[in-house]
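Undergrad: Sequences listed follow chains V and D, in order. Just so you know, the working numbering puts 176 at position 176 of the first sequence, and the rest follows in order with no gaps. Every number in the working numbering is 402 more than the matching position in the second sequence, counting from 1.
No lab work stands behind these hints, which were simulated from the structure alone. Some hints here could point you the wrong way.
Computed spacing ranges between beta-carbons, pair by pair [stated by the list, open to error]:
| hint | chain 1 | residue 1 | chain 2 | residue 2 | range |
| --- | --- | --- | --- | --- | --- |
| 1 | V | 7 | D | 624 | 27 to 37 Å |
| 2 | D | 791 | V | 71 | 46 to 56 Å |
| 3 | D | 423 | V | 322 | 55 to 65 Å |
| 4 | D | 414 | V | 36 | 47 to 57 Å |
| 5 | D | 496 | V | 30 | 21 to 31 Å |
All residues carry an ideal CB built from backbone N, CA and C; glycine is no exception.
Protein chains: 2
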Amino acid sequence: MLVGQNEKVQTEQWKIATHVVELESSIIREILKISSQPGVISFAGGLPAPELFPMEELREAMEIVVTKHGAPAFQYTLSRGIPQLRELLAERATAYDTATSVDNILITAGAQQAIELVARAFIDRGDYIITEYPTYVGALQAFNYYQAKYATVEMDAEGMIPERAEEKILKYEPKLIYTVSNFQNPTGITMSENRRVKLIELAARHNIPIIDDNSYGDIRFAGQPVPSLKSLGGDRVIALRSFSKIIAPGLRLGWMNGPESIMGYFERVKQCTDLHTNTLCQYLIYEFISAGKLEAHIARIIKDYRAKRDLMVQTMRDNFPEGIRWTEPEGGLFLWVELPEHMSAKELLPKAVAMKVAYVYGEPFFPDGQGQNTLRLNFSNATHDNIVEGITRLAELLKENM
Amino acid sequence: MLVGQNEKVQTEQWKIATHVVELESSIIREILKISSQPGVISFAGGLPAPELFPMEELREAMEIVVTKHGAPAFQYTLSRGIPQLRELLAERATAYDTATSVDNILITAGAQQAIELVARAFIDRGDYIITEYPTYVGALQAFNYYQAKYATVEMDAEGMIPERAEEKILKYEPKLIYTVSNFQNPTGITMSENRRVKLIELAARHNIPIIDDNSYGDIRFAGQPVPSLKSLGGDRVIALRSFSKIIAPGLRLGWMNGPESIMGYFERVKQCTDLHTNTLCQYLIYEFISAGKLEAHIARIIKDYRAKRDLMVQTMRDNFPEGIRWTEPEGGLFLWVELPEHMSAKELLPKAVAMKVAYVYGEPFFPDGQGQNTLRLNFSNATHDNIVEGITRLAELLKENM
């Protein structure tokens, strides 16, 4: 360093955009740091089970990609993604959801980037978004950058209550309806078919797009399948999907399935963001699915997560004190706990960590910071022994603090 | 589809943000489509030579990653990137640039995302950015989303002219100074050491961060190395780097090296964008570099690109008519051509494509749309035969249209 060698640069005077300075760091990431202390059994993260990652199959896919596809798998590609994978996803969506062409599909860096691209295309400062109450904290983070406001809608066991949603639409003229319709993060609740139909009617009446963040839909281990919002609503719905929970999150691969007429906007905002999604991982996943390995792999995940959820729920039933309620989701990675109203899950967390067990308290999932007596538990990432031991510790903590 | 099955959704009434509707699609992407017609020899793209991708080495790296690292290479990771790769990059920056710690480094989805994160953290609508004139079109696209304005600075053979830059700083109070200091895209010009020192003094006097988009710096095949802006300016400089040109662009891996005090902002804006960069490719590249393979690989690229540049320049000398000037860059992927002032490279392009040769005309690289008589040629992606044949066709075209 030749110029101003001993000088301290006054970076605090650099003009970071005001709304960025005010952005909060993810509380969940902070909790994850605490809960990664040695010996802590953590139900805090949203991580899939690492022992199920199809590493051997992906290693084989790498051989095939190098041999069969070669250089194009390592080169720049189209902003919408490689045609082969988009065609495959369109075929699958046609089979499982509704008639879909390659022009409906855009490959993203995980569903998180799909949420971000939706926010990027639609949201001006101060625009309202309909969300469930509570809702996925990562979506709130993506929306917060654009200074969105929230029109929140209460849920019951069937999901978002449509009458409440319509009141909010009339009052706030929101740009988007954002929902996690299947095995919601954080509550584990799945929207019923009747509610889906009503939500689409609502979207049609007011011509507002529904953003269905459907990252967990493939992981159903109990109950009856419900038709996807996409299959019911067609072009009214922009479906956001992800391979994070059904293959591996480290590949950062997701996709959007939206009306052809607006995909050009997403392509443009994607282009100036990162040009396109990782080419190599698109080819790896294309070969993985083409070899017919995805269905068997999802079946393994379902079996594993069902057993873990069953064990967690049974241990809670056996040990939790009276007055505590929880959801018993039919799929996904999470369940949701409601403590008596006077209790604060946030205040209890340091005590929990002292007892070597961790969770995420509920407030970050509520746009208005409510939900003091709620917490989220993840069951996909822990071993059976740790589920029993961790829930037993948590039960003790709750008994001591009721 | 059960609801409104035969109904056409009026997506054109959906409220896309106004500045997104106005975003132009990349002209370069349009040109790439034209130039990918069969038989066209294209110097239009900015693609590295595919025959040099280290595919075998990356296949081996995949074996090692699966065997040695296992599940963490496929799991979620930190928003700043995996510690191993960040440490390695900090060590290398310490050796080549200036004292750097792991806390200065954030891994991005290519240098394009690094530019985007800088824009995302700094730019409010209407803020000014100092850029070279012309400058990298992908940076303009990233900045345009945030509705930045440009204070452009003319270049000569030594790069941006500092006196002009200072006039613009005084007039426009820009938030950032953006430069492609080495083998600039599009001109191939490298900033001289004297100019670097002056630019840093300027940045110090006005306390404005310098963004050095240094994607090509490792690919020097002629002339004397110049110290990097980072090595001269330390914390005054946020260096943006990329593996796209020295390993493979399809891996979408780049990194930022900036002052520790502001990396938290980039971490936060990265987090809500896509959580973190592809974990698997971070491990692949970590293993590739750790095995000592990067230096030999860069040497291969340098040798190859030097021969291609030499051949292109020689063919131009032998065939281009009088009155046409071009740069003869000491590195990188591009050279820049100036036609006589009355000629329009844009108007000539359809004729060129009819003669089965393509280039990118210069206007998109000028924030004010000037530069009608300029064009960019890429020499890294063509074969020797195609360089000779393509430049010969271009020479014919120019002779016919002088």
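Undergrad: It remains to establish, for every hint, whether it holds in the given structure.
TA: For each hint, the structure was consulted:
The hinted range of 27 to 37 Å is satisfied by residue 7/V and residue 624/D, whose Cβ atoms lie roughly 35 Å apart. Remark: the range hint 46 to 56 Å for residue 791/D to residue 71/V is contradicted by a beta-carbon distance near 21 Å. Range check, residue 423/D to residue 322/V: about 56 Å between beta-carbon atoms, so the 55 to 65 Å window is met. The hinted window of 47 to 57 Å between residue 414/D and residue 36/V holds, with their beta carbons roughly 48 Å apart.
Taken as a hint, the range 21 to 31 Å holds for the pair residue 496/D and residue 30/V, whose Cβ atoms sit roughly 30 Å apart.
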